[in-house]
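Given only the sequences and the hints, what does the whole structure look like? Please build it.
Those protein sequence lines, which keep their order, are chains A, B, C and D.
For what it's worth, this note's numbering labels the leading residue of the first sequence as 13, then goes sequentially.
For what it's worth, this note's numbering labels the leading residue of the second sequence as 13, then goes sequentially.
For what it's worth, this note's numbering labels the leading residue of the third sequence as -4, then goes sequentially.
For what it's worth, this note's numbering labels the leading residue of the fourth sequence as -4, then goes sequentially.
If you're looking for bench data, these hints aren't it; they were derived computationally from the structure.
All C-beta atoms in this analysis are idealised placements derived from N, C-alpha and C, irrespective of residue type, glycine included.
Fair warning: there could be bad hints in the mix.
Pair by pair, the computed Cβ-Cβ distance ranges are [what the hints assert, rightly or not]:
1) 137/D <-> 223/A: 33 to 43 Å
2) 232/D <-> 135/A: 27 to 37 Å
3) 41/A <-> 137/D: 27 to 37 Å
4) 81/D <-> 226/C: 35 to 45 Å
5) 219/D <-> 198/B: 51 to 61 Å
6) 220/A <-> 40/C: 53 to 63 Å
7) 46/D <-> 198/B: 40 to 50 Å
8) 138/D <-> 235/B: 29 to 39 Å
9) 8/D <-> 198/B: 34 to 44 Å
10) 171/B <-> 40/C: 33 to 43 Å
11) 138/D <-> 173/A: 25 to 35 Å
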Amino acid sequence: MTQKLSNAQIAWRAAQDIEDGAYVNLGIGFPEMVARFQPEGREAIFHTENGVLGFGRAPEPGQEDWDLINAGKKAITLKPGTAFFHHADSFAMVRGGHLDVAILGAYQVAETGDLANWSTGPKGVPAVGGAMDLVHGAKRVAVITDHVTKKGQPKLVEACTFPLTGVGCVTRVYTSLAVVDVVDGRFVLREKLPAISMEELQAVTGATLHVEGEVGDLICPEELADA
Amino acid sequence: MTQKLSNAQIAWRAAQDIEDGAYVNLGIGFPEMVARFQPEGREAIFHTENGVLGFGRAPEPGQEDWDLINAGKKAITLKPGTAFFHHADSFAMVRGGHLDVAILGAYQVAETGDLANWSTGPKGVPAVGGAMDLVHGAKRVAVITDHVTKKGQPKLVEACTFPLTGVGCVTRVYTSLAVVDVVDGRFVLREKLPAISMEELQAVTGATLHVEGEVGDLICPEELADA
Amino acid sequence: MDKRLSSLTEAVADIQDGATVMIGGFGGSGAPIELIHALIDRFLETGSPKGLTVINNNAGNGHVGIAAMIEQGMVKKMICSFPRSADPTVFTERYLAGEIELELVPQGTLAERIRAGGAGIPGFFTPTSVGTDLAEGKPVQQFDGRDYVMERWLKADHALIKAEQGDALGNLTYRMAARNFSPLMATAAEKVVVQVTKAVEPGEIDPEVIVTPGIFVDAIIEVANPAQEEELNRAGAHHP
Amino acid sequence: MDKRLSSLTEAVADIQDGATVMIGGFGGSGAPIELIHALIDRFLETGSPKGLTVINNNAGNGHVGIAAMIEQGMVKKMICSFPRSADPTVFTERYLAGEIELELVPQGTLAERIRAGGAGIPGFFTPTSVGTDLAEGKPVQQFDGRDYVMERWLKADHALIKAEQGDALGNLTYRMAARNFSPLMATAAEKVVVQVTKAVEPGEIDPEVIVTPGIFVDAIIEVANPAQEEELNRAGAHHP
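So, in C-alpha cells, the structure goes:
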C-alpha cells in the first residue's frame, strides 16, 4: 500500500463539499490550500481570525502588503466586498455560529469527534491560536490530514492521547486514504481509495471503521498527485 | 422659605464641576440643560446612549435630522470630532468606566448613595432606559433635582421608598437649595443658599445633613432665576 | 451569491406566528418602517404572523411602525428598555389591559444580551441592576469584592433592520444615530433582512467603513427614500 | 483638549516597572514598532521599565518590537494565544529556560477577555476550551444543555497601539488587518497611547468611519512612515 493522496488532492476533495456562498475558515498551514480548489461556479467567502472577510488569493511575490495578511501571517489580497473588523467581532463570527465550515489540520481525531491539533505534549512552547474557538464555533468542523503520522501511527483513534483542542467537534475527516464521518461516537467510512481494501484501511486506522450503506470511491484529479 | 434655585440655576451649578475635556452623559429631560452652562474655556464631550459622542447643540427648529438624536429623542447636531458607534460600544463606554460624569434626575436619593429615579411603583408602564447602566458605569454620578417633591416631601432621604435604580452610586446632589455630598453613608452639606438657615434646610431634608468644615454659599447667576 | 431581494413582500414572507423578531431602531432613528409595514400588510391580508415577541429599545410611538404592529394585535410580548415615547398610547393601553407582556431590560444590558447572542456568549456578568427589582431571580456573583448580576444572551428568529448602504454580499453601513442596535441585531437572529437606502455592488463600500460584514446578513431589499418614523409621527400618520 | 504629544519619549515615559501593557498587532500587522522601540530605548538608558507583563496575540518575531523587549529582559510574562512566529527564538529560549512566564489563552477568548475588560464585564461564558487543558481550574457551567467555561476580563495599566489616522480628540481609524486587537485594547487599559501615521484635526475623519472613538484614547503621537515589523524582519533588523 504505497498509493495515497497528495495534500493537494486531499484539499481538493475537501473543497468539493463547500457550497456556493459558504463562509469558510481555513486553518493555518495545509488547510489554506483548500481555497485553491473551489469548484467551478461556486464561490466561498473566506474568513480569517485576524479580521478579514471575503479576501482574495495570495499576491504575487513582491506585491505583498504586510498589513493585509491572514491568520497564518501570509499576505492576502482584497476582493470586491472584502470587509475589515476587529478581533472581538471576528470571533463573534466564529463563536456565534456564523461560519458554515472550518477546515483544520489534526494530530489526532477520535471516533467521538474529539480533536487534538494544538499540542503534542508538555515539551516545547505551546501555542493554540484560534483553533479552540473555531472547533466550537463553525456549523461544520472538518479535518484534513494524512491518514497516519510520519512514523505510520494512526491519526484516527478511539481516544486522543494528545491534549484536546475540542470535545466532540469534528464531523468529517478527509485523509490521504479516505473520507470518514463521525456519527454518534463512531467512525463511518464514506469514501476510500479504490486501490485500498477495507482490511488494509482498517489496519492503519486506530478505531473501528463502520460501514453504513455504500462506500464511495475517493477519486481526485490525477494532475494534483504531485502537487 | 420661598426662595429656591430655578432648574437653570441648578444645572448651571452642576456644570461648574465639570472639568475641561470631561466625558459626560446627561440624563434625559432636566439634566440635558447642564450642557448649556459650560464654563468659559472648558469644553466637555457629551455622550448619548444611542451611539453618539461629542455632539453639538440642538439644531434650529426646522433644521432637525431625526436620524441624529440623543437618548431623549431630541435632535442634536454634529461638531468636529463627533463619532458614531453602535449600542454595545456605547454601553461599553458606560459600563467600562470611561465616562467621567453622569448627571441624572432623581425621585429620591438616600444618604447611602442609593438612587431611585426610574419607577414610582407598580402602577403605570415601567421604563428604565439606560439609567441603571449609567449609575454603575460613570466615574462620578451626580444628581440634579428640586430639594423636595411638588408636594413638599423630601427627596433626600435615609432610605429610598421607591424602587432603586442603583445602590450606593450617587456621590453628589445639586438641589434647588443646596449641594450635598454622599460620604460614607452620610449626607455632608457642602453649599447652601445664603438665605436659608441650617434648621430650615434640615427641616426639608429626610436624613441628617452633616457638616464637615465650611459650608459654602450656593450662589448662581441671577439672570437664570427665571430660566 | 446575491442577497438582494426584489420586493418587501418577499422580505417578510417567512416570519411565522409566534416568532421572536428583533427590530432595529432607537425611537424613530433606524426604524425599518417599510419592512414593518410590509409585515403588517401581510398580517392584514393573511392573519399571520401574530403572537410575535418583538425586541426593540422602545415599544412604538404613534400609529406607525412597531406601534402599528401592536395596534393590529400582532405582538404578544415586547422586550425593551423604554416603552415610552411622545405618543405611547397604543402600547400603554394594551399593557394596562393585560393584553401584551413586557420584559423590561436596562438599555445597556439589552444591547449586551443581543451582542452576546450574536457572539456565542450564553451568559455574562454586569453591575447593572444589582440590588434593584430588575435583578430579581437572577444569579448574583461577586468579583473583586463587587456584586454583579448574571444575564443571558438574547437571540431571535428574525431581525428586521434598516441600513444606509448595502452591497450584494450583505455588507452594510448605517446613517448617524440610526446605527444604534442594528449592527448587534444583525448578529443575533437566525434570519436577518435589511432594508437599505442604497443597494450597491460588492466593492462599492470601502472595506474599512463596513459596519456590518455580510456574513451576518441574509437578505437586503432596497428602499430608496425610506420614511423616517419621527417625521411620520409629526405628520400624524397611521398605518394602514 | 488636545491629545497630541510631541515626542515618542514622552509617549512612553510613565510606564512603570511591573506594569501590565497591552500591545496591539497580530504578527507584524498593527505592531506599534516606534512606541515599542522608544520604550526599549528608555529601558536601555534608565533600566526601567522592567518586569512587564505584555499582552499581545504573539510573543515577538526576530529581534525587533516585542521580541526585542523580551531580548532586553524587560518582560516577565507574556499573555498571548500564539507564541510562535517565523523566528520565535528570543521567546522560545527564555521560555524553555524558565526565564519568562506564559499565560496561553485561545485567541477568541483573549479578544473577548480584553473586550470584557473595556466593557465592564468581569466574567463571561464561552464554549471555547471546554474539556481541554486550557480550561483547567476554571468554573464550568451548563446553559441549555451545553458546557461553557467562565473566563475573566483582562485589563492593563497601559496600551500601546498603532492606528492610521488620529485626530486631536483621539478618534482613530486603522489600516486593513492592522486593526485586529487594537480597538479592543484601546478600551481596556488605564492609559492608552497611540502612534498614528497621520495626525489630523477633529472633523477631518468622517464620524461614520471612526473605529475607536476618542473617549478610549489618552494620547496620540504622529509617526509618519512607520516601520512595518514584517518588513523589518525580512530585512534582518535588530533593535537596538
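Hint check:
| no. | hint | result |
| --- | --- | --- |
| 1 | 137/D <-> 223/A: 33 to 43 Å | holds (35 Å) |
| 2 | 232/D <-> 135/A: 27 to 37 Å | holds (31 Å) |
| 3 | 41/A <-> 137/D: 27 to 37 Å | holds (34 Å) |
| 4 | 81/D <-> 226/C: 35 to 45 Å | violated (57 Å) |
| 5 | 219/D <-> 198/B: 51 to 61 Å | holds (55 Å) |
| 6 | 220/A <-> 40/C: 53 to 63 Å | holds (57 Å) |
| 7 | 46/D <-> 198/B: 40 to 50 Å | holds (42 Å) |
| 8 | 138/D <-> 235/B: 29 to 39 Å | violated (59 Å) |
| 9 | 8/D <-> 198/B: 34 to 44 Å | holds (41 Å) |
| 10 | 171/B <-> 40/C: 33 to 43 Å | violated (56 Å) |
| 11 | 138/D <-> 173/A: 25 to 35 Å | holds (30 Å) |
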